[in-house]
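Starting from the known structure of chain A, fit chains B and C onto it as the hints suggest.
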Amino acid sequence: MTNWMRDPTAETSAVKRARRVPPKSLEGLTVGLFDIGKTRTPEFLDRVEQRFKERGLKTYRCGKPTNAKVATTENLQKISSEVDVILIGLSD
Amino acid sequence: MAERLEAKHKGGTLVSRKIEYSDTSDPMEVCYQRGWTDGLPVTPPTDERVLEMLKGTRRRADEVVGKIPPYLGTCTVEKVAINAVLAGCKPEYMPVLLAALEAALEPVFTLHGVLATTYFSSPIIIVNGPIARAIGMNSGLNVLGQGNRANATIGRALNLIVQNVGGGRPGEADRSTLGAPSKYTLCFAEDESDPEWEPLSVARGFPRGVSTVTLFQGHGPEAIVDQKTRTAEGLTRSIASSLVKMGHPKLVQSARAVLVLTPEHYAIYKESGWDRKKIERALYEATIRPGREILAGADGVGEGVPASRAEEMVPKFHDDGLMVVRAGGPAGLFSAVLPGWLAGRNKLELQPVTKEIKT
Amino acid sequence: MNFDSRGIPGISVVTTGFTDAVATQSKALGFEPAVLFVPHPIQNRTPEELDKIADDIVEPALKLLTAVK
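If you read the protein sequences in the order shown, they are chains A, B and C. Residue 1 in the numbering used here sits at position 1 of the first sequence, with consecutive numbering throughout. To get the numbering used here, take the position in the second sequence, counting from 1, and add 92. To get the numbering used here, take the position in the third sequence, counting from 1, and add 451.
Keep in mind that the hints were calculated from the coordinates and are not lab data. These numbers were taken from a predicted model, which means no experiment stands behind them. Misleading hints may appear alongside valid ones.
Dumping the calculated EDC-like pairs for lysine to aspartate or glutamate here, alpha-carbon to alpha-carbon at most 16 Å [claimed, not checked]:
hint : chain 1 : residue 1 : chain 2 : residue 2
1    : A       : K78       : C       : D455
2    : B       : K369      : B       : E288
3    : B       : K362      : B       : E372
4    : A       : K53       : C       : E500
5    : B       : K159      : A       : E11
6    : C       : K514      : A       : E27
7    : A       : K53       : C       : D455
8    : B       : K275      : B       : D130
9    : B       : K439      : B       : D412
10   : B       : K110      : A       : D7
11   : A       : K58       : A       : E27
12   : B       : K369      : B       : E325
13   : C       : K503      : A       : D7
14   : C       : K503      : A       : E43
15   : B       : K369      : B       : E395
16   : B       : K369      : B       : D412
17   : B       : K337      : B       : E288
18   : C       : K503      : A       : E11
19   : B       : K182      : B       : E155
20   : A       : K58       : A       : D84
21   : B       : K110      : A       : E11
So that you can see chain A by itself, here it is in the shape it has in the complex (with noise of 0.2 Å):
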């Protein structure tokens, strides 16, 4: 069932937010390398990381300890204390 709102803006904007503006570069920043989960995802994480690192980029391993459950606020909430960006991985 499909439910809806009325749009109270001038509707300048699109219909889906803009996602938050990424930084013109990661230099010094922290990249986040979140594990969803899924099968596979670690060995995938784990030579991603290798790539990021040989680039000189920080990073930081995080995630929920299985794909079933939702990752807790305190868990969201240490990762965007820690991280500058993220990337999540993998959807299956």
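Okay, now just chains B and C, sitting in the frame of chain A:
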């Protein structure tokens, strides 16, 4: 049920974009995510609610009311209704809200500046006339505080329109250093229970019995205490000594003010037969001070008037800069000032605006 | 899982064959997530194949993680 069917049928007459959400989403959270709130929760604007709100006005939903600063978004009556739903208004508030919005859009009100300023100000709405009682507005106990739906939601709806239709948001176009709780909402009715008192609407040129909104750029309230003085003359000097402190004691002719005169203070004036004109004139004159007492630089304090004004008698306000409004509960020997926006150096360029409320 | 609302720009890496669900999710979230697609399936890839898939998204990921268009 009938409403829902009518919504489905008439939903075609609403033209605002539909923002869809799934059954598992909480519409109140969606409103937050979309940035439609002022920080407090809003009522999700479903078709049924918007159509119900539009019943509060005879005006057509597609009528353009104006372009809302800062980004000049086009605001139709439908958009007003959607924001009125967000705010929690009842349909019968629509005429007041529409009149308030039109008043705020008058060039001399300078709505863009009020929104963008670093100062505390926002549009304050003062309602006069029969509509105030008809829609259940508060002019008495706790009038400037919480608790009354009409007071709370009409002011809120106007601010949400500026935010949502105009795009004016704190941290973006809204550069207010500190803001104020009055930026959520400050809207109230004048106490017109005394037939001998000239209401603000009449003072501003409208016939008695006509309902009006007066829009004032300001914040507040700040307390004006006097629990001792018993004469009209003494009370005038007492209130004036508080009024001159507004903003900074040595800052003059740069902001207007609304004095909210409470019943116990008003009683002192009434006993001496002072009417509105006499009170306003006396207060204005009582805030005039010798320039040499308020020179800039004295005691290392930078604010003040230049030395060239030392021999002048300098008023705190422009001659039309102080408006008195009666309101408040029956007990309490305190009145209040609503300080105006600090951009009021040119009295012609920045003014309050009064408009008739048409139902 | 919304890092966007916590001030953290993010990108998602998603296996293809899942496009519809991402569209639905972004509708619910109300913003356009930055999404990179990798080939499906993932579970049965050899380590070498997985490495290649990871290598291939590094540059696109860095582009999406910064404002460089």
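We went through each hint and held it up to the structure:
no.	hint	verdict
1	A/K78 / C/D455	holds (15 Å)
2	B/K369 / B/E288	holds (12 Å)
3	B/K362 / B/E372	holds (13 Å)
4	A/K53 / C/E500	violated (20 Å)
5	B/K159 / A/E11	holds (13 Å)
6	C/K514 / A/E27	holds (13 Å)
7	A/K53 / C/D455	violated (24 Å)
8	B/K275 / B/D130	holds (9 Å)
9	B/K439 / B/D412	holds (8 Å)
10	B/K110 / A/D7	holds (6 Å)
11	A/K58 / A/E27	holds (9 Å)
12	B/K369 / B/E325	holds (14 Å)
13	C/K503 / A/D7	violated (45 Å)
14	C/K503 / A/E43	holds (12 Å)
15	B/K369 / B/E395	violated (31 Å)
16	B/K369 / B/D412	holds (11 Å)
17	B/K337 / B/E288	violated (31 Å)
18	C/K503 / A/E11	violated (43 Å)
19	B/K182 / B/E155	violated (20 Å)
20	A/K58 / A/D84	holds (10 Å)
21	B/K110 / A/E11	holds (10 Å)
Checked against the numbered hints above, the structure violates hints 4, 7, 13, 15, 17, 18 and 19; every other hint is satisfied.
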